[in-house]
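Q: One-letter residues, chain by chain:
Protein chains: 2
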Amino acid sequence: MSDTFTISQLAAEFGVTPRALRFYEDRGLLAPARRGQARLYSRRDRARLALILRGKRVGFSLTEIAEMLNLYDLEDGQETQLRTALGKFRAQIAALEAQRRDIEESIAELHRACDFIETSLSERRERVVGRPVIGYAVMPTDRV
Amino acid sequence: MSDTFTISQLAAEFGVTPRALRFYEDRGLLAPARRGQARLYSRRDRARLALILRGKRVGFSLTEIAEMLNLYDLEDGQETQLRTALGKFRAQIAALEAQRRDIEESIAELHRACDFIETSLSERRERVVGRPVIGYAVMPTDRV
DNA sequence: GTTGACCTTGACGTAATCGTCAACCGGACC
DNA sequence: GGTCCGGTTGACGATTACGTCAAGGTCAAC
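Order-wise, the sequence lines are chains A and B. Position 53 of the first sequence, counted from 1, bears residue number 53 in our numbering, the numbering being contiguous throughout. Position 135 of the second sequence, counted from 1, bears residue number 135 in our numbering, the numbering being contiguous throughout.
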């Protein structure tokens, strides 16, 4: 496991294309060193990329991710900068927790749907046929 | 609380624009009744919209949401259809659980960052100044 | 010394998800 | 009858996140 990576090594490792990495660089999310013209990614760049991709997976835009990474990069910020960063991070945490609730509700709903299907499959095996199966029985019509 | 809604009532209630609702209809996600030309949304449409928006919030594309809603709409499907739906729902559950893990890791990381900032703010108040604050101390360089 | 693999920049294309604007209609109210 | 409010369709524009060429540089291998 080496200490530097070429663009396609890194791309392959994370399942993205070299084009994507260049794009992230264009947007200020990465800034790999160069050997001549070629990009040379460090472990640090690699860790950054991991953060970027996870950020994407949880639904942040590249712009938002760039902001957060810039906050991470504060080496020796002013107190106000630090406080700003703190506020933003806490806001992100709150947003993520809200999103987690959404996800948990979706999971619960899908579980209900699965139960419903399983029940109707077993009922069907008992020759009880010919009535509605899913419909909106699993869909809340009032609770929003 | 009435039983039917106009397009802008519903849009306002859910914080989207009428344009979006028409768009969802265009993509087959909604199919409100008409009074003349005007759309007339039922409670059922409203519940569907809630599902659509939550689906969006958790990162599904409109196409994916349409598929899932169509699965929900199976009234009296064939056994194979039911089994297919079951498989897809279970896959979605797995995907959502993976996403929840991502979110939890992001939350944990943001918490670490917050702790770090808080510590360096208090250290700063103790007149210990002039050294790096965040940097990549909070960023994993090896664990991916 | 040329082939081939890998890299570069730059320009243009594309899919998803709407926003915006134009032009129009129908009903309520003055 | 005019006007305003809210609704309609349709077309075009904007943004994000890349994909897809095109045209070429570099470097080891044969």
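Accuracy of the hints is not assured; some may be wrong.
Copies of the same chain look alike in the list, so a pair counts if it works inside one copy or between any two.
No more than 20 Å apart at the CA atoms, straight line, and that leaves these computed lysine to any residue pairs for SDA-like [said to hold, decoys possible]:
(1) LYS56 <-> ALA95
(2) LYS88 <-> GLU118
(3) LYS88 <-> GLU105
(4) LYS56 <-> ARG101
(5) LYS88 <-> ARG34
(6) LYS56 <-> GLN78
(7) LYS88 <-> GLY15
(8) LYS88 <-> ALA38
(9) LYS56 <-> THR4
(10) LYS56 <-> THR119
If you are wondering where the hints come from, they were derived from the structure by calculation, not from laboratory data.
Q: A separate judgement is required for each hint: does it hold in the structure or not?
A: For each hint, the structure was consulted:
Proximity of LYS56 and ALA95 under a CA criterion of 20 Å is satisfied in both settings, with 14 Å inside one chain copy and 15 Å between copies. Taking CA atoms no more than 20 Å apart as the test, LYS88 paired with GLU118 passes between copies only; the shortest distance there is 13 Å, against 45 Å inside one copy. Taking CA atoms no more than 20 Å apart as the test, LYS88 paired with GLU105 passes between copies only; the shortest distance there is 17 Å, against 26 Å inside one copy. When the C-alpha separation of LYS56 and ARG101 is checked against a cutoff of 20 Å, the pair qualifies both within a copy, at 18 Å, and between copies, at 14 Å.
Taking the shortest Cα distances, LYS88 and ARG34 never come within 20 Å of each other, neither inside one copy (32 Å) nor across copies (45 Å). Taking the closest pair of Cα atoms, LYS56 and GLN78 never come within 20 Å of each other, the shortest separation being 29 Å inside a single copy and 38 Å across copies. Neither within a single protomer nor between protomers do LYS88 and GLY15 lie at most 20 Å apart by alpha-carbon distance, with minima of 30 Å and 24 Å respectively. Taking identical chains as interchangeable, the C-alpha atoms of LYS88 and ALA38 are never at most 20 Å apart, the minima being 35 Å within one chain and 43 Å between chains.
Proximity of LYS56 to THR4 under the C-alpha cut-off of 20 Å is found in neither arrangement, the shortest distances being 24 Å within a copy and 38 Å between copies. For the homomeric pair LYS56 and THR119, neither the shortest alpha-carbon distance inside one copy (37 Å) nor that between copies (28 Å) is at most 20 Å.
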